[in-house]
Structure formats: structure tokens, C-alpha cells
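Line by line, the protein sequences are chains A and B.
Going by the numbering used here, the first residue of the first sequence is number 1, and it counts up by one from there.
Going by the numbering used here, the first residue of the second sequence is number 1, and it counts up by one from there.
One or more hints might be untrue.
As the list claims (entries may be wrong) - Residues on chain A that point at chain B, a partial pick, calculated with CB under 8 Å:
(1) Thr-19
(2) Leu-21
(3) Pro-25
To be verified - DSS-like, lysine-lysine: derived pairs with alpha carbons at most 27 Å apart:
(4) B:Lys-13 / A:Lys-244
(5) A:Lys-442 / A:Lys-416
(6) B:Lys-13 / A:Lys-416
No wet-lab data here; the hints were simulated from the structure.
C-beta atoms are modelled at their ideal positions from N, C-alpha and C, and glycine is treated no differently.
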Amino acid sequence: MTARIFCGTFEAEAYWRETDLARLPSLMDRNASRVVEAMDEMLFAFCDASDCLVTARRMDDAHTEYLHAIGFAFHRNQFDLVGSADEDTSEAGGTSAPSIFQRMDDERFSQQLAAFLPEGARLEPFAVLPGASQVAQRYGLAAAFPPQEVIRRVNTKGYALEMRERLEIPNPGVVVEEVRSLSETGAALLCRGPFMVKDDYGVSGKGNQVIETARALQRIVRYVAGQVSSGKRVRFVLEPYLAKRSDFSCQFRIEEGGDVTVISVQELLNNGLAFGASCSASPELLEMLDRVGYLNLIERMGSLMHADGYHGDVCVDSMILQAGELAPLVEINARKSMSLIKHAVDRYLATYGRLGRLSYVSTVNHGRIDFPGVLELLDREELLFTANRASGVLPLTSRTMCVGETARAEEPNRGKLYLTTVSKTPEEHGSVMGALERVLEKCGVRVTH
Amino acid sequence: MQDRIIRLISQVKDDATLVARVTDSSHLVDDVGLDFLQLINLILLVEEEFSVQVDFESFQVQHLSSLARFTDYVAGLPRE
Numbered sequence: 001m002t003a004r005i006f007c008g009t010f011e012a013e014a015y016w017r018e019t020d021l022a023r024l025p026s027l028m029d030r031n032a033s034r035v036v037e038a039m040d041e042m043l044f045a046f047c048d049a050s051d052c053l054v055t056a057r058r059m060d061d062a063h064t065e066y067l068h069a070i071g072f073a074f075h076r077n078q079f080d081l082v083g084s085a086d087e088d089t090s091e092a093g094g095t096s097a098p099s100i101f102q103r104m105d106d107e108r109f110s111q112q113l114a115a116f117l118p119e120g121a122r123l124e125p126f127a128v129l130p131g132a133s134q135v136a137q138r139y140g141l142a143a144a145f146p147p148q149e150v151i152r153r154v155n156t157k158g159y160a161l162e163m164r165e166r167l168e169i170p171n172p173g174v175v176v177e178e179v180r181s182l183s184e185t186g187a188a189l190l191c192r193g194p195f196m197v198k199d200d201y202g203v204s205g206k207g208n209q210v211i212e213t214a215r216a217l218q219r220i221v222r223y224v225a226g227q228v229s230s231g232k233r234v235r236f237v238l239e240p241y242l243a244k245r246s247d248f249s250c251q252f253r254i255e256e257g258g259d260v261t262v263i264s265v266q267e268l269l270n271n272g273l274a275f276g277a278s279c280s281a282s283p284e285l286l287e288m289l290d291r292v293g294y295l296n297l298i299e300r301m302g303s304l305m306h307a308d309g310y311h312g313d314v315c316v317d318s319m320i321l322q323a324g325e326l327a328p329l330v331e332i333n334a335r336k337s338m339s340l341i342k343h344a345v346d347r348y349l350a351t352y353g354r355l356g357r358l359s360y361v362s363t364v365n366h367g368r369i370d371f372p373g374v375l376e377l378l379d380r381e382e383l384l385f386t387a388n389r390a391s392g393v394l395p396l397t398s399r400t401m402c403v404g405e406t407a408r409a410e411e412p413n414r415g416k417l418y419l420t421t422v423s424k425t426p427e428e429h430g431s432v433m434g435a436l437e438r439v440l441e442k443c444g445v446r447v448t449h
Numbered sequence: 001m002q003d004r005i006i007r008l009i010s011q012v013k014d015d016a017t018l019v020a021r022v023t024d025s026s027h028l029v030d031d032v033g034l035d036f037l038q039l040i041n042l043i044l045l046v047e048e049e050f051s052v053q054v055d056f057e058s059f060q061v062q063h064l065s066s067l068a069r070f071t072d073y074v075a076g077l078p079r080e
């Protein structure tokens, strides 16, 4: 079997986004960007024994040893692909941090990478960003990616609107390309209730704004107009803010030849507009989706995307509205996804007859985190997942907790721990999370809410 | 001003109990749990409530380190 190289930059949309597009208001948070960068560790879940995982920063040794011990076999880089500290500065709402492909194409790391990456292996990135093909060529890796302009197009919110029309499903959204239409269409929508402004390349938790008052709309219009006067272009999607009962997503893959394979459906427990947790779809949801022909719609969507020149991974966000109505296409993410990682961990857990829920905790601490110590205490408290434990915590990342350690010493370190809670029943999830919080507290790490 | 800001925080979080729980020293992210989308919403509400304008580009996350510090920041903004 051909070895595969997994790597990725999770804030993919920031690298696809055209630089001349006006933005919605956002706050600069370098720390959050550093957390997102360290999320690449989670890609181990896709690896088999012959596969390699390339992360921007070398994974924690104790974490890797633990993952190997519970059965996740993979090779990983033993060096950082990060140079000077000024590389990870981010602009408000955007990013200037190098993507994983820019890092892999950097002369400073090329010798070590060439020695690490097996020639002929297949490049399997989280998202196909600019530079992916160049990296494949440089290291003699196999890769067949669609053109960047196709990948960019199918990842826009505007494309999701077009797709709704082509699938003949309700499309309450509209694209605006002028400040005036932002103001007028926004005002018209506001007469019927709150509405959302979405950046054409926005992702959950970033690049979306709910507008509830005329004053807030005017403020956004003023903010965008200011950018237009300095040469920026307007392109936003506006749609009514629909009261929803639940979110879910469907992961599928479009082969180069056009075959569409549905991989999984995951329910999402979102925090407002941001990712909260991913859990397996209930039998009730799957039965309902089957009844309304949801998966047929997904296959048609995949075929249309293939006709537009795309092949590769896709995650479609969907939701069930308060009245029980299905909104099958909210957004299209033409890349791998958190829910696909969840599915990969599920496949592993299924061999032990266990269920998993992928989520995270936000953490704050002073000084350095002793991650091996955290793992050790989790183990002593019988909370660390192992094959012979019925339930527990499977940490998916380690560096995401420690990103602030390199920042200013007087500031506390803020991070996130991504994890899967493992249990025999969904009800156990809450008690496992509570126990995790207590263990972290003993390690000097506070879970924030 | 601080009480009005607490009410706006409670509105953004859709959690009435925050009115009694948020104190001078509460960190708006770590203790209150505002995420960055909610912070933008809070800022838009604060702008509306106090007729001020926040410069998003220069806004420092240190202003969020306590309610008192955020209140001082808002109080220091010029009225429109």
C-alpha cells in the first residue's frame, strides 16, 4: 500500500481568500491563531503504520508515545518547521503566518523533510491550499489536486447559494457586491427579523455576523465602506438568521473519476456559530435523513461539484430548523473537517465497541504546562483512555494547550485541549468531562467557560 | 456604565444569571466565556448604547482582562 503524508493548515479559508475583499469587523487574536496552527496534530487519526504526519511544530513526545501505545501507528517529524518568532504574527481577521506548504517549501527545512518523506508517497492534506502541488513536486510525492481556482470557488459561500439553486432547494440567501446593496438588502431582511452577513470565505466562529438592529447594520455598512474607499471589494452573503433545533454535517469524498462516497453523518453541538463538539448521528436523525432523501441530494451535489472540476474531500453543514424543517445545505467545506477526524477516531474506537465524542476545553494556566505530567495524572486517575478502560479521555492534541508559553511571560497561557471522550453510552460524556476538569485543575490548569 | 455593560454581556450570552455573577475582576473571555463573535456583538451593542466607536484594528485583547478594564476603555472612547 502506498504510504501517505498527512499535513494541514486548519484555517484554510484565510489562505483561499482574495486579499482585496473587504472584511467584517474582527479582533486580532494571535493566540487563537497559534492554537489553530497546532491543531494539525489531530491528523494522526487518519494515519496507518506506513503513513507520515507532518506538523508545523514537533509533537510532544509523551503524547506521541501514548497514541502509539493505544494503537495509532504513524511516523512524525522530529523537528519544528518554524523559524523565528516573528513568523506567527497574524493580522486582525486574517493571517500572515505561513501555511504548512509554505513551511514545507522553506529551504531551511527542506533537507530534513527530504530525509523524512518517503518518495512516491501520496500527499493527503487537510485542505489543498496554494503551494500544495509545489511541495508534492519538490519531494517527489504523488498528488492529483484540482486547480486552485476551482478549490477557491467551491469553498465560497456564494457557491453554496448557487448549489442550492441547482439542486432546487430553498435558497433564502443573496450575494451582495456593493456597499449600497449591503445596506438596502440588509434593511429589507431586517424588516423580517435578524439576519446574517457571511464573509464569502468565512468559517464557523469567524467571518459571520448576526445583525439584529438597524444601528448595527449601519455600523457594518460604515465599516465596509471605509475599506471600499481604500480599494477593497465587497462580496458577502446575506441570509435570514434561522432559528435552528440542531446542526449536523455530512462528510463525503469525490473521486477523480467522479464517484461520490458518503463517509459519515455527524451531529454538531455548536457554541453559537462556532464548533463545540461532534458526536455520532442518532438513529432517529439517520432515519429521518433517509426518509427525505438527504443522501441522494448529497450524491447529486457531489456530482455537480465534480462537473465543476472538483474532486477530493467535502464536508457539508446542514441543520434542522425549529419547526422541524430540514435545511440540507448551509455551507460547503471542500476539504477534510473536524467531523471527518471524529469519524476516523470512531473507526478506531469501534474495534473496542466504544463511542466517542470529539470536543475541546479552553484552558488557562500560569507558567509551563507539564503535558507528560497531565497524561500521567489522567492515567493514575484511570481517566486516560486505554484499551482496557470502559471510558475515558483520549487527548487529540497537546501543543494547542501550550501555545501561549512562548508569548509574554506576564500573561497567562491560554490554549485548548482537543479530545475525544470515550464511553459505552452517550450519557457518560458529562461525567468524563467533569473528571477531566478536576484532573487539569490538579495540574494547575483551569478550564474556562 | 459598568452595570449597563454587564446587562449587555448578559444579553449577548443570553444568560440572565450573569448580571449577578460578573464582577469588576471577571475576565471577559476566561470567566464570562465570551467567544470572539460574541465579543464583536458586545462591541456593537456597546457602541450603540454609549454612542461611541471602537477601532477594531487597534483593539487590544488586554482590554478584556477584566470588566473594570473594559469599562475604563469604553469610558475613554470619544462620544460621537
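Taking the hints in turn, this is what the structure says about them:
| no. | hint | result |
| --- | --- | --- |
| 1 | Thr-19 | 16 Å, violated |
| 2 | Leu-21 | 16 Å, violated |
| 3 | Pro-25 | 5 Å, holds |
| 4 | B:Lys-13 / A:Lys-244 | 17 Å, holds |
| 5 | A:Lys-442 / A:Lys-416 | 17 Å, holds |
| 6 | B:Lys-13 / A:Lys-416 | 21 Å, holds |
The structure does not agree with the numbered hints 1 and 2 stated previously, though it agrees with the rest.
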